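Chains W and E, in that order, give the protein sequences.
In terms of the numbering used here, the first sequence is residues 1 to 140.
In terms of the numbering used here, the second sequence is residues 1 to 140.
The set of hints was computed from the structure by calculation and includes no laboratory data.
What you are looking at is a predicted structure, and each value in this text was computed from that prediction instead of being measured.
Accuracy of the hints is not assured; some may be wrong.
Heads up, the list lumps identical chains together, so a pair's fine if it works in one copy or across two of them.
Below 20 Å or equal to it, Euclidean Cα-Cα: the simulated DMTMM-like pairs (lysine to aspartate or glutamate) are [unchecked claim]:
| id | residue 1 | residue 2 |
| --- | --- | --- |
| 1 | 25 | 121 |
| 2 | 51 | 29 |
| 3 | 140 | 81 |
| 4 | 55 | 29 |
| 5 | 44 | 112 |
| 6 | 44 | 3 |
| 7 | 25 | 128 |
| 8 | 54 | 127 |
| 9 | 136 | 19 |
| 10 | 140 | 3 |
| 11 | 26 | 121 |
| 12 | 140 | 121 |
| 13 | 26 | 126 |
| 14 | 46 | 19 |
| 15 | 51 | 133 |
| 16 | 25 | 138 |
| 17 | 11 | 126 |
| 18 | 51 | 77 |
| 19 | 131 | 19 |
| 20 | 26 | 127 |
| 21 | 51 | 19 |
| 22 | 44 | 127 |
| 23 | 111 | 81 |
There are 2 protein chains.
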Amino acid sequence: MIEEIIITHLKRIHVSNGDVLHGMKKTDDGYTDFGEIYFSNILKDKIKAWKIHKKMTLNLIVPSGSVRFNFIQVSSEGLIDNRMEITVSSDNYCRITVPPNIIFGFKGIGKDANIIANIADITHSDDEVKKIDINKFEFK
Amino acid sequence: MIEEIIITHLKRIHVSNGDVLHGMKKTDDGYTDFGEIYFSNILKDKIKAWKIHKKMTLNLIVPSGSVRFNFIQVSSEGLIDNRMEITVSSDNYCRITVPPNIIFGFKGIGKDANIIANIADITHSDDEVKKIDINKFEFK
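In isolation and in its complexed conformation, chain W is listed as follows (with noise of 0.2 Å):
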């Protein structure tokens, strides 16, 4: 476990028509400020890995198909502390804050749209993101 991810187990109201899912509210745990959002779209068994960013902490939902998470917690050697790996779907609707710092990535599990919604406190920077190899941790 990594003690500074929230997860928030999120409610789905059933409507005939297609459901509602619930999102974020500005009250709600893990909400500090409002920089952007943007959706991550995941192929099935593709993955992507591994980021971290230094400043932005992410609030992850998955308002379609399944994706599978892994989060990293490495020391300042570059050792792996912690590790979190969570599947999110309708069966497990929740979203996960993601404090700066943590290496993160991702892989489709659905056959059909994947999708990943972040809720960003922050705008998208390049300055702030870091790509790391994806052979350098093991996904699992």
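Using the hints, position chain E against chain W.
Leaving out everything else, chain E in the frame of chain W:
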């Protein structure tokens, strides 16, 4: 056309394992404040209509599927002043900013997941939203 509605075309960034879709930045046209984000699903050929928000400004994005929107502006006598119809999908990927006091409804067009993200400037409250019978206006 309804003058007060803002259509903003958004970027889809092609990435080999799954595209990244812009949503909304705090510096974007149409952004005033962050209250809440939620997701509405709409099944193929099904319609959700009509609703009117008295205070909320909606920012509607379709990150998956294809959705047809109808917007109606009525006079104080309840007569139609202006109408606007738009179909949003990956081929016409945009954000629709809808100020308060515009009647709206939507229909699922895509065969897979049709998802609408609403980035709202206030949190949901039953007090400021009114439902209007589906037969009151024609869905086009």
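Against the structure, the hints:
With identical chains, the CA atoms of residue 25 and residue 121 are at most 20 Å apart both within one copy (13 Å) and between copies (10 Å). Taking identical chains as interchangeable, the C-alpha atoms of residue 51 and residue 29 are never at most 20 Å apart, the minima being 24 Å within one chain and 29 Å between chains. Only within a single protomer do residue 140 and residue 81 lie at most 20 Å apart by alpha-carbon distance; the minimum there is 16 Å, versus 57 Å between protomers. In the homo-oligomer, the alpha carbons of residue 55 and residue 29 lie at most 20 Å apart inside one protomer (18 Å), although the nearest pairing across protomers, at 25 Å, exceeds that limit.
Both within a single protomer and between protomers do residue 44 and residue 112 lie at most 20 Å apart by alpha-carbon distance, with minima of 8 Å and 15 Å respectively. In this homomeric assembly, residue 44 and residue 3 never come within 20 Å of each other (Cα to Cα): the closest approach is 29 Å inside a single copy and 41 Å across copies. In this assembly of identical chains, the alpha carbons of residue 25 and residue 128 lie at most 20 Å apart only when taken from different copies (17 Å versus 25 Å within one copy). When the C-alpha separation of residue 54 and residue 127 is checked against a cutoff of 20 Å, the pair qualifies only within one copy, where the shortest distance is 9 Å, while the shortest distance between copies is 41 Å.
In the homo-oligomer, the alpha carbons of residue 136 and residue 19 never lie at most 20 Å apart, since the shortest distance is 40 Å inside one protomer and 24 Å across protomers. Proximity of residue 140 to residue 3 under the C-alpha cut-off of 20 Å is restricted to the intra-copy arrangement: shortest distance 19 Å within a copy versus 51 Å between copies. Within a single copy, residue 26 and residue 121 get their C-alpha atoms as close as 11 Å, and across copies as close as 10 Å, so both meet the 20 Å cut-off. For the homomeric pair residue 140 and residue 121, neither the shortest alpha-carbon distance inside one copy (28 Å) nor that between copies (38 Å) is at most 20 Å.
Taking the shortest Cα distances, residue 26 and residue 126 sit within 20 Å of each other only across copies (17 Å), while inside one copy they are farther apart (26 Å). Proximity of residue 46 and residue 19 under a CA criterion of 20 Å is satisfied inter-copy only: 12 Å between copies versus 27 Å inside one chain copy. In this assembly of identical chains, the alpha carbons of residue 51 and residue 133 lie at most 20 Å apart only when taken from the same copy (9 Å versus 48 Å across copies). For the identical chains of this complex, residue 25 and residue 138 are neighbours neither inside a copy (34 Å) nor across copies (33 Å), given an alpha-carbon limit of 20 Å.
Within a single copy, residue 11 and residue 126 get their C-alpha atoms only as close as 34 Å, which misses the 20 Å cut-off; across copies the closest is 17 Å, which meets it. Taking CA atoms no more than 20 Å apart as the test, residue 51 paired with residue 77 passes inside one copy only; the shortest distance there is 17 Å, against 56 Å between copies. With identical chains, the CA atoms of residue 131 and residue 19 are at most 20 Å apart between copies only, with a shortest distance of 17 Å across copies and 36 Å within one. With identical chains, the CA atoms of residue 26 and residue 127 are at most 20 Å apart between copies only, with a shortest distance of 19 Å across copies and 27 Å within one.
When the C-alpha separation of residue 51 and residue 19 is checked against a cutoff of 20 Å, the pair qualifies only between copies, where the shortest distance is 16 Å, while the shortest distance within a copy is 32 Å. In this homomeric assembly, residue 44 and residue 127 never come within 20 Å of each other (Cα to Cα): the closest approach is 30 Å inside a single copy and 42 Å across copies. Taking the shortest alpha-carbon separations for residue 111 and residue 81, neither the intra-copy value of 33 Å nor the inter-copy value of 44 Å comes in at or below 20 Å.
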